[in-house]
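Chains A and B supply the protein sequences, listed in that same order.
Note that numbering that gives the first Met the number 0 has the first sequence beginning at 0, numbered continuously upward.
Note that numbering that gives the first Met the number 0 has the second sequence beginning at 0, numbered continuously upward.
Hints are computed from structural coordinates only; laboratory data are not their basis.
A portion of the hints provided could be inaccurate.
[As the list claims (entries may be wrong)] With beta-carbon atoms standing in for the labels, derived distance ranges: (1) A:S215 with B:H27: 57 to 63 Å; (2) B:M135 with A:K367: 50 to 56 Å; (3) B:M135 with A:L3: 36 to 42 Å; (4) B:V57 with A:I247: 48 to 54 Å; (5) B:E101 with A:G42: 40 to 46 Å; (6) B:R106 with A:L3: 38 to 44 Å; (7) A:L3 with B:K62: 54 to 60 Å; (8) B:W148 with A:P233: 41 to 47 Å; (9) A:V343 with B:A34: 37 to 43 Å; (10) B:A20 with A:F18: 55 to 61 Å; (11) A:R198 with B:L114: 54 to 60 Å; (12) B:P180 with A:F18: 43 to 49 Å; (13) A:T187 with B:R106: 52 to 58 Å.
Virtual Cβ for every residue (Gly too), placed ideally from N, Cα, C.
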Amino acid sequence: MSVLSIGLLYGASTLVVMFAGMPIAFALGAVATLFMLFFMPAGSVDTISQNVYEEMASITLLSIPLFILKGSAIGRSRAGQDLYSAIHVWMYRIPGGLGIANVFACALFAAMAGSSPATCSAIGSAGIPEMRKRGYSPGFASGIIAAGGTLGILLPPSITMILYAVAAEQSLGRLFLAAIGPALLLVTLFAGYAAWRYRREYRDALALHQKSGTHSELLSKSTLTLREKLQLLPRVLPFVILLTGVMIALYGGYATPSETAGLGAVLALALIASIYSVWKPRDLAPILTSTLRESTMLMFIIGMSLLYSYVMSYLHISQSSAQAIVELELSRWVLLAAILLMVVVLGFFLPPVSIILMTAPIILPPLKAAGFDLIWFGVVMTIVMEMGLIHPPVGLNIFVIKSIAPDIPLGDVIWGVMPFVVLMMISIVLLCVFPGIATWFSDAIMGT
Amino acid sequence: MVHGLERIETEPAAAPAAVAAPAAAAEHILAAINALVVKLSSVALVAAGFVLTYSVIVRYFLKISTDWQDEMSVFLIVGAVFMSAAAIQAVRGHVAVEAITELLPPRANMVRQILVDAASLAFCAYFAWKSWLLLMEAWTEGFHSGSTWGPPLWIPYSLMAVGMTLLSLQILLQVVRGLWPRGAMR
């Protein structure tokens, strides 16, 4: 059989078993094993367990469960609400400050927890009721939280980025640094939009008030004393120190990324034990069980995806597909657009983890040949996958919002989120025009 | 899942006595094992965090070179992941694409679920078998990891083999449960 027909068969059988609803990890493993049996030399299938073990036994990959543990410890404590309240009391006087405070709280929390749904539910469960109480429209409030939450997969330490670094064989430290500029850009765009939208909603409320006397909470003012402002700081500062400490340990060269993960997890557990008295086995059990559940599920997908791409590469499927894409001689921007569109479509069905590991061997060589910087592309691809978290049909974050604020109609949430999808598209265009937004910072710190 | 309406139309065949009792007993035993494994794996995960923290401390404050810490945490985490796979499968925690399955009528979906579970079982059992062969080889040939610490590789391999075996048993029980739903067991 030619490489083309084997490749088509490989792709088709993967689609069939996946859409039949077989767990992604087992589906990838089973297809890879069958193709090893039929198309690879006798005996190669004898080493599947060894293959998977050796791919998985990488300390970089195994830092993922520890990052999840850190996120879960912080996510399940009251840290999110406290962080939110602390930022809120300092910013509520600025017009639109409440919305901006929510964006900032999401960004900070995302950097600490590294998880998008965890950020949405931690900040959203305090932020959405507060914004609605102050007269923000429900759609606007949910849009801010859903979009802010997506920063979890962009800001370091992002699990998505760890996998990209492994799949693309790029420096993880550099990738983490390259994400900071674009993340700040997104935070600025989100905050700017929040302020603009607030003004509009305020103007409408004022006009309505003058016309019919309907009062909106948007128009009422409140004040807080300095005492109230200072009260929350002692609870929040340790977490901010944890965040900066871990970053310094990583970039100061004191710790490897995996050691950073271990250190972060231990410090997060120590913090929730000392600040929120969460230390008894009974209190810790839900944190550990959810960490284990997510980690095992992810690590199985990762291990099997790596087996899957090993087979794809042994059978020359990935090389031939990559070659075929290069030979199309598309202009670089058409190529980039086509690849990003494919990532978007795959995002309708698959989690980012499998998208990265399954497509990297096919899409990265043509991108490299077209002269794109793979660190830069990692950042762009992550932002595209962030969009997948908030746009239908999957939009994981939309469902998180639905679960913390069930009374907001789904339509309102979706319309509230759309402007943020547009902002993310704008940021991708900006990144294409000014790639330095991503690469400047990492080059400045780690050299070119 | 069995819906009331369908049970009248097509009462599932009662499980033969030879299946019902052992299956129920096996479910109990496996649930107990899973509960224990989840506890041990949680401890292993936290322990890995401490090992890596220790590694940073001894290297930067005590200036002692580190050799075993990375590998130790790999063993702890790989072990936790493989061992807890069955517990995760018990709650259907291994995610699947649900785009089409949601559109199927309940009865067709039941059949689909059994077929998919059987396929997962075939793969996991095959993988478990290969893991046992790998473990035996590592044991008899005395495989060691290539690092300076050089721990024997039968340790992580045995966790992988046992974990995949537990996972296969868990899926087998789910297939049995799919063929003879709880009502028909009694």
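| Non-conforming hints, listed in increasing numerical order | 2, 4, 10 and 12
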